[in-house]
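With these hints in hand, go ahead and build the complete structure from the sequences.
Protein chains in written order, with our numbering: chain A, 1 to 248; chain B, 1 to 319.
Since the hints were made in silico from the structure, they are not lab data. A couple of the hints might just be wrong.
[To be verified] Pairs of lysine-lysine, BS3-like flavour, derived with a Cα cap of 25 Å:
{"hint": "1", "chain 1": "B", "residue 1": "K129", "chain 2": "A", "residue 2": "K219"}
{"hint": "2", "chain 1": "A", "residue 1": "K223", "chain 2": "B", "residue 2": "K276"}
{"hint": "3", "chain 1": "B", "residue 1": "K307", "chain 2": "A", "residue 2": "K246"}
{"hint": "4", "chain 1": "A", "residue 1": "K227", "chain 2": "B", "residue 2": "K311"}
{"hint": "5", "chain 1": "A", "residue 1": "K88", "chain 2": "A", "residue 2": "K216"}
{"hint": "6", "chain 1": "B", "residue 1": "K16", "chain 2": "A", "residue 2": "K246"}
{"hint": "7", "chain 1": "A", "residue 1": "K219", "chain 2": "A", "residue 2": "K88"}
{"hint": "8", "chain 1": "A", "residue 1": "K24", "chain 2": "A", "residue 2": "K223"}
{"hint": "9", "chain 1": "A", "residue 1": "K88", "chain 2": "B", "residue 2": "K144"}
{"hint": "10", "chain 1": "A", "residue 1": "K16", "chain 2": "B", "residue 2": "K276"}
{"hint": "11", "chain 1": "A", "residue 1": "K246", "chain 2": "B", "residue 2": "K162"}
{"hint": "12", "chain 1": "A", "residue 1": "K246", "chain 2": "B", "residue 2": "K291"}
{"hint": "13", "chain 1": "A", "residue 1": "K219", "chain 2": "B", "residue 2": "K291"}
{"hint": "14", "chain 1": "B", "residue 1": "K16", "chain 2": "B", "residue 2": "K56"}
{"hint": "15", "chain 1": "B", "residue 1": "K61", "chain 2": "B", "residue 2": "K187"}
{"hint": "16", "chain 1": "B", "residue 1": "K129", "chain 2": "A", "residue 2": "K24"}
{"hint": "17", "chain 1": "B", "residue 1": "K175", "chain 2": "B", "residue 2": "K61"}
{"hint": "18", "chain 1": "B", "residue 1": "K144", "chain 2": "B", "residue 2": "K82"}
{"hint": "19", "chain 1": "B", "residue 1": "K316", "chain 2": "A", "residue 2": "K246"}
{"hint": "20", "chain 1": "B", "residue 1": "K187", "chain 2": "B", "residue 2": "K16"}
{"hint": "21", "chain 1": "A", "residue 1": "K219", "chain 2": "B", "residue 2": "K144"}
{"hint": "22", "chain 1": "A", "residue 1": "K227", "chain 2": "B", "residue 2": "K316"}
{"hint": "23", "chain 1": "B", "residue 1": "K313", "chain 2": "A", "residue 2": "K246"}
{"hint": "24", "chain 1": "B", "residue 1": "K307", "chain 2": "A", "residue 2": "K227"}
{"hint": "25", "chain 1": "A", "residue 1": "K198", "chain 2": "A", "residue 2": "K100"}
{"hint": "26", "chain 1": "A", "residue 1": "K16", "chain 2": "B", "residue 2": "K129"}
{"hint": "27", "chain 1": "B", "residue 1": "K179", "chain 2": "A", "residue 2": "K105"}
{"hint": "28", "chain 1": "B", "residue 1": "K313", "chain 2": "B", "residue 2": "K276"}
{"hint": "29", "chain 1": "A", "residue 1": "K219", "chain 2": "B", "residue 2": "K276"}
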Amino acid sequence: MNILVCISNVPDTTSKINFVENDKIFDTNGVQFIINPNDEFGLTRAIWFQQKNQATVTVVTVGEISCEPILRKCLAIGANKAVRIDSKALDGFSVAEQLKSLCEKESFDIIICGRESIDYNGGMVPGMLAQMLEMPFVTNCISMDVNGNEVIAKREIDGGVETLSCSLPIVIGAQKGLVEESDLIIPNMRGIMQARQKPLDVVAPANSFSKSSVDKFEKPPAKGSVKLVDPDNIDELISLLHNEAKVI
Amino acid sequence: MAIIVYAESQNGKFKKSAFEAVSYGRALANESNKNLVVISINADDPNELANYGPDKVLSVKDSSMNDYTAQVYADTISELSKKEGVSILVLSSSADSKYMSPLLAVQLGAGLASNVVSTPISISPLVVKRSCFTNKAFNHTTLKGSINIICVSNNSYGIHEKESRPEVVDVKISKNNPKIKVESLDKATGSVSIADADIVISGGRGLKGPENWHLIEDLASTLGAATACSKPVSDMGWRPHSEHVGQTGKPVASNLYIAIGVSGAIQHLAGINASKVKVVINNDPEAPFFKAADYGIVADAFDVVPKLIEKLKAFKSHQ
Ligand SMILES: Cc1cc2nc3c(=O)[nH]c(=O)nc-3n(C[C@H](O)[C@H](O)[C@H](O)COP(=O)(O)OP(=O)(O)OC[C@H]3O[C@@H](n4cnc5c(N)ncnc54)[C@H](O)[C@@H]3O)c2cc1C
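Written as structure tokens, this is what we have:
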């Protein structure tokens, strides 16, 4: 079994979000980068397949050299090898095209992406990749079991859960539930040492173009201060919600 | 050339977000001087769309599409869109629409922007404002396709009624061959889902344990609201994961969000910030949630929530 996990390098969830150069560029000053949380749930699931089904787990990212620390972290968590496609991540479409060219060179049975990245929040790459490769696709995936060539996967939907079946190969969009928070693997010393010896291949990007570009960022307007209501005067809250905010 | 909207329905009924998407499509059609064509799949009464201004409605009724499969829906919508000469395709931001939008983008060779929060900043070139960094910021995205897809964020544009007399055309679809089969669907009946809710009531660790969740549930049922929780609450198994909201959980974009015993950590706020009005009930006046909220009560939830429920019941019965 050959598994590819697509990894996105994103700012830590506690990062201050600021922009520089006339709000054109995200200010990375002092920002720590992490494995996109949805991708990490997917990576952990892949490691379970490695442990139980002798799967080979390859991690890939489309990005510049600054992304290598998180690939090393994936190797320390247990991935067998890493690939960095040496290109700026222009937009969802061009990233999917880069990944597609890797998937056409090697054949993967399971391709795992995070359901969306926590920085761009596009949720585009996994579905685009699946469509480009004409593979079945399950996003918001909270469970996946493979038996021979058959897959049973669960997808979280608005207000419920859907159970789906298809055959390999498959692309999934991972999220919490696929594994639990407590299942995430914290690399130990041995893992970190081994990661240094594992292959991290840098490959040249395929020809691709983007279909969108980000011109500028904006922060939400500063909020007015909170109106405090006396706990002994609940009627006031109800009146505010009804007459002022008009939400009840 | 046309603006196309897919109006999502469930069990034959249009979703509220479908009317919002059609309203949004109407605005785009007016601004760009194009026709508005709306696609409906297995909705009982496609004529209902006439309240929101379409020039034409394409109604698909096909029992093979009773189960939603993203691939089959995307195949159908892209086929119909191409026939109508689509320039912009508008979808909502429901889980189902987000699922199929990237498939549609590849099939149509289209540019795609999700989480779009307002009508375009410019039509030509097409520039939209969308939320990013999990609601901590917005970006202006230029869509460069000759066809482009916009997924409108829930509750961002609103529903605008505009009567029209659309031609309603029944269309047949070419036979599809799904790669994925729906085995079963497990949907909580009766309760409101977080994605569809106007009001969301959320509980945090301050509620001390699952046995106290009747407070959240009673308040929610009084208001017809969905229930949600913070991440530790779902991690500890007090509540199901499907209720976890925030940066790593579900996003919330309701009209009213009431947080009870939730501290307001940055990762929690990120996911719920798109809600229009936020209320916090917390016994710690220093809790960060008070900085993000519109209204707040500094009090013990166990004292104040029962009173709030009682008062709201009285209020509702007088309406
Ligand atoms: C990578 C990462 C991702 C994360 N993603 C998310 C996410 O998606 N969603 C999320 O929610 N969190 C997320 N978190 C966790 C987040 O940092 C906080 O730990 C979490 O939101 C706190 O949950 P809480 O508010 O329920 O609990 P606490 O922070 O413990 O707050 C409980 C609050 O209840 C109040 N309280 C106590 N007793 C009472 C009472 N009797 N009456 C009224 N109030 C009372 C307290 O004053 C306190 O403010 C994430 C963290 C990380 C590191």
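Checked hints:
1. Distance restraint check for B/K129 and A/K219: the Cα-Cα separation of roughly 11 Å lies within the 25 Å cut-off, and the hinted pair is therefore satisfied.
2. With a C-alpha separation of about 12 Å, the suggested pair A/K223 and B/K276 falls inside the 25 Å cut-off, and the hint holds.
3. Distance check on the hinted pair: B/K307 and A/K246 sit about 21 Å apart at the alpha-carbon level, within 25 Å; holds.
4. Of the pairs offered as hints, the one joining A/K227 and B/K311 holds, with about 19 Å between alpha carbons and a cut-off of 25 Å not exceeded.
5. For the given pair, A/K88 sits about 17 Å from A/K216 by alpha-carbon distance, which is consistent with the 25 Å threshold.
6. The suggested pairing of B/K16 with A/K246 holds, with an alpha-carbon distance near 18 Å, which does not exceed 25 Å.
7. For the hint linking A/K219 to A/K88, the alpha-carbon distance of about 24 Å falls within 25 Å, and the restraint holds.
8. The suggested pairing of A/K24 with A/K223 holds, with an alpha-carbon distance near 23 Å, which does not exceed 25 Å.
9. The suggested pairing of A/K88 with B/K144 holds, with an alpha-carbon distance near 18 Å, which does not exceed 25 Å.
10. At roughly 22 Å between alpha-carbon atoms, A/K16 and B/K276 fall within 25 Å of each other, so this suggested pair holds.
11. A distance of roughly 22 Å separates the Cα atoms of A/K246 and B/K162; the hinted pair therefore holds under the 25 Å criterion.
12. Distance check on the hinted pair: A/K246 and B/K291 sit about 21 Å apart at the alpha-carbon level, within 25 Å; holds.
13. For the given pair, A/K219 sits about 16 Å from B/K291 by alpha-carbon distance, which is consistent with the 25 Å threshold.
14. For the hint linking B/K16 to B/K56, the alpha-carbon distance of about 19 Å falls within 25 Å, and the restraint holds.
15. At roughly 23 Å between alpha-carbon atoms, B/K61 and B/K187 fall within 25 Å of each other, so this suggested pair holds.
16. For a cut-off of 25 Å, the pair hint linking B/K129 to A/K24 stands: about 14 Å separates their Cα positions.
17. With a C-alpha separation of about 13 Å, the suggested pairing of B/K175 with B/K61 holds against the 25 Å cut-off.
18. Using a Cα cut-off of 25 Å, the hinted pair B/K144 and B/K82 holds, with the two alpha carbons roughly 18 Å apart.
19. Straight-line distance between C-alpha atoms of B/K316 and A/K246 comes to about 14 Å, which keeps the hinted pair within the 25 Å bound.
20. Among the hinted pairs, B/K187 with B/K16 is consistent with the structure: their alpha-carbon atoms are about 18 Å apart, no more than 25 Å.
21. Distance hint between A/K219 and B/K144 is fulfilled; the C-alpha atoms sit about 24 Å from each other, no more than 25 Å.
22. Proximity of A/K227 to B/K316 is assessed by CA-CA distance (about 23 Å); at most 25 Å being required, the pair is judged to hold.
23. In summary, the hint linking B/K313 to A/K246 is supported, as the alpha carbons are separated by about 17 Å, within the 25 Å threshold.
24. Distance restraint check for B/K307 and A/K227: the Cα-Cα separation of roughly 19 Å lies within the 25 Å cut-off, and the hinted pair is therefore satisfied.
25. Between A/K198 and A/K100 the alpha-carbon distance is near 23 Å, which keeps this suggested pair within the 25 Å criterion.
26. In summary, the hint linking A/K16 to B/K129 is supported, as the alpha carbons are separated by about 21 Å, within the 25 Å threshold.
27. For the proposed pair B/K179 and A/K105, the alpha carbon gap of about 23 Å is at most 25 Å, so the pair holds.
28. As the CA atoms of B/K313 and B/K276 are separated by approximately 23 Å, the hinted pair is consistent with the 25 Å bound.
29. Between A/K219 and B/K276, the direct Cα distance comes to roughly 16 Å. Compliance with the 25 Å bound is thereby established for this hinted pair.
The earlier numbered hints are all upheld by this structure, with none contradicted.
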